[in-house]
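Using the sequences and the accompanying hints, generate a full structural model.
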Amino acid sequence: MNKTLLSGLVVLVGPVALLAQPQRNLIEISGGERPAIAVPDFRGSGDAQARMAAFNARLFEDLQDSGQFRMVPKTVMPLHVPQQPSDFHPPSAGSTAPWLTDWSSSPVSANYLAFGYTAIQQGQLALFGWLYDVRQPDLHNAQLIGKVYLGSPDDAGARSVADQFASDILARFGAHSLAGTKIYFVSDRTGHKEIWSMDYDGSNQKQITDYRSITTFPVVSPDGTKLAFTSFLHNKAEIFMFSLQSGRRLPFFNQNASMNAASDFTPDSQHLLLYSTASGGVSQIFESDLDGGNLRRITGTNSIEVEPKMNPKGSTYVFVSGRGGQPQLYMMNSNGLDASRLTTGEGEAVNPSWNPDGIHIAFAWTRGFEPGNYNIFVMDVGTREFQQLTHGVGRNENPNWAPDGVHIVYSSRRGRTNQIWTMLADGTGQHQLTTQGNNEKPVWGKAVQ
Amino acid sequence: MSHRISLYVRNVGAVVAAAALLTFTSACKKKAPAPPPAPAPAAEAPAPPPPEKPSISFSAEPTSIQKGQSATLHWDVSHATDMSIDQGVGAVQSSGQRQVYPTDTTTYTLTAKGPGGTSSESVTINVTTPPPPPPPAPTESSVDIINSQVKDVYFDYDKSDIRDDARTVLTGNADVLKKVFSTDSQISVTAEGNCDERGSAEYNLALGDRRAKAAKDFLVQLGVPGDRLKTISYGKEKPVCTDATEDCYQKNRHVHFSAGGQ
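Protein chains in written order, with the working numbering: chain V, 1 to 449; chain F, 1 to 262.
A portion of the hints provided could be inaccurate.
[Claimed, not checked] Below are the DSS-like pairs computed for lysine-lysine, each with C-alpha atoms no more than 30 Å apart in a straight line:
hint	chain 1	residue 1	chain 2	residue 2
1	F	Lys179	F	Lys151
2	V	Lys147	V	Lys446
3	F	Lys230	V	Lys236
4	F	Lys238	V	Lys236
5	V	Lys206	F	Lys238
6	V	Lys236	F	Lys159
7	F	Lys230	F	Lys251
8	V	Lys236	F	Lys179
9	F	Lys179	F	Lys251
10	F	Lys159	F	Lys238
11	V	Lys236	F	Lys67
12	V	Lys74	V	Lys446
13	F	Lys178	F	Lys159
14	F	Lys238	F	Lys178
15	V	Lys206	V	Lys236
16	V	Lys206	V	Lys147
17	F	Lys113	F	Lys179
18	F	Lys230	F	Lys159
19	F	Lys178	F	Lys251
20	F	Lys238	F	Lys151
21	V	Lys236	F	Lys178
22	F	Lys251	F	Lys238
23	F	Lys251	V	Lys236
To be clear, the hints were calculated from the coordinates, so they are not data collected in a lab.
Structure follows, in structure tokens:
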């Protein structure tokens, strides 16, 4: 259904894209046919019922946004919704009590059923939650999860128990939970561009730097322990290294150059990729130790070379180069040789980000549009097949993959301000995470221990 | 304390006087009876001399200063137990000196109190205001010249080539900079490259740098000393306007020259 809708949008805003590219998802969110899950509305006893609107919305959202399931529409669900295992009764003459087959057969055709109820117990909101595989012959075999979850007796608590339950359900399917992961980004809400962090759902937004200058381009190490960024604190672009464990700045030696900018960590988190004018001329790509030492030049051209990103599963770089005119994405070996262009040469292609699978990249491209009108694309760097994920929703830039390889965080200018959004790798499930000031250049880091 | 000592001394005096009287009386016993002496006066010591009034020597050196200079008060006081100088100086020892910085003509009064009474002496320090220094000769600073006469240069989208209009501007800038650099060895100039908002921030950082270097290279070709010209890039982080119009984009695709120290 989503694909049909997307194709319709493509026809409206980008006919070129439709003709050139097959409309299939490069990244199948769950790697094949997604199981169908039925999540009927849960009810609460007594005072708990007042929290159920928040609970039901959140649980449905968590499971839908994970991209792991096909969500069974609530309209086709049976009238009798079980609230606890004892509500199930094997079919018998005249019985209208629920049974597993009510959920597994048409029109529901679910593989799984999440059900339960809530109650206020000793001042806490208690969720009694079950997950059943409704294709099993009996209740004993059907039960996958049967657990009590506790939260505060308010809407925040209701959302919290929904998150806990959803996280357990996702874990049953081997899906990576994003709980504990952090998004680092740039916000100007204080009047200056500073580095901020937030949880993956947009909550818990915190200011990290307070340099009152222009501080931007955050990159987080794959191990989640370090943050590098670029600041004009000393009146020119310089790299700063920051420990996310101690919350302190680490020493970093900047080359004596008109600009030094951090771009990425190597997959082992032991080196930094940067672009700099340290070689005297135009910006080139370098690699250094985490303290800026042992600088190694990788590109040797007379054109602008920026944004090197190393393949997490190999040693090739994807980067942005102006060697062919307007900026395009290129790939090269770690010695800087054998560069080849990945994008078609149309428009401007920038902001590459590797999927943890080492096969796909996400990037921003103006292909088919005026300069500045970027959309988010994904590409299989082996086949160079690409797919446009955002369509007709303003200017979209700086995509960055979540550690689960399924979600993408990016910035989008849909009104007068830039804000940070997340979506699934097929372009569905777009959510806005920020609202205050302008927010841009998000990077998604794994949970810090 | 000194008061108690003087009382003691006075009593000793009375004892001595009484003893002298007794000695005189016994010596008379060996002679012919004589008429009884005149009755001794009441056995009372004579009053000691009154304590001296404090004496003060108080002077200022010099007695006339210019505003901002200091003068020194000297004093020497005797026969006093409490000494103080007004105008904020406060209690002082019986002899000493103190540097003072009056901003206006000021009279200092030293007051000394002792058993003999209170004395005071005054000195006046005349403070004159120096004439204002002659006004500096009016000169335009190098920074002012650079800010007013060195113009921004503009670029095409995604380009760092020096356009014809920029050649004219840079040629004028070169003349100004050569003149300023030859007369002021302390000043330097930074070429700041900027871009419009359409390209990516990352690419624009490098593009702005390239524009700044292109402008610098052009100036150096015209004879401006390269070691006095720095380059930096703000990419698209320091826009002069934020409208999504070609007019505003053009304003932001520029190199600005700012003056600074070497």
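- Item | Agreement of Lys178/F and Lys159/F with the hint, judged by alpha carbon distance not exceeding 30 Å | 27 Å, holds
- Message: What's the verdict on Lys238/F and Lys151/F, does the C-alpha distance respect the 30 Å limit or exceed it?
- Response: 17 Å, holds
- Query: Keeping to a limit of 30 Å between CA atoms, is the pair of Lys238/F and Lys178/F held or broken?
  - Reply: 28 Å, holds
- Message: Between the alpha carbons of Lys206/V and Lys147/V, is the straight-line distance 30 Å or under?
- Response: Since the Cα atoms of Lys206/V and Lys147/V sit roughly 33 Å apart, the hinted pair is violated (cutoff 30 Å).
- Message: Check the hint pairing Lys159/F with Lys238/F against an upper bound of 30 Å on the C-alpha distance.
- Response: 18 Å, holds
- Message: Between the alpha carbons of Lys74/V and Lys446/V, is the straight-line distance 30 Å or under?
- Response: 34 Å, violated
- Query: Is it true that the CA of Lys206/V sits at most 30 Å from the CA of Lys236/V?
  - Reply: Roughly 25 Å separates the two Cα atoms, so the pair holds.
- Query: Within 30 Å, alpha carbon to alpha carbon, are Lys147/V and Lys446/V?
  - Reply: Status holds; Cα separation ~27 Å.
- Task: Please work out if Lys251/F and Lys238/F have their alpha carbons no farther apart than 30 Å.
- Result: Holds. Lys251/F to Lys238/F sits at ~11 Å (cutoff 30 Å).
- Query: Between Lys236/V and Lys178/F, does the CA-CA distance stay at or below 30 Å?
  - Reply: Holds, at about 25 Å.
- Query: Is the straight-line distance between the alpha-carbon of Lys178/F and that of Lys251/F 30 Å or less?
  - Reply: 26 Å, holds
- Task: Compare the distance between the alpha carbons of Lys230/F and Lys251/F with 30 Å, and conclude whether the hinted pair is satisfied.
- Result: It holds: about 22 Å lies between the C-alpha atoms, which stays within 30 Å.
Against the hints set out earlier in the document, violations occur for numbers 11, 12, 16, 17.
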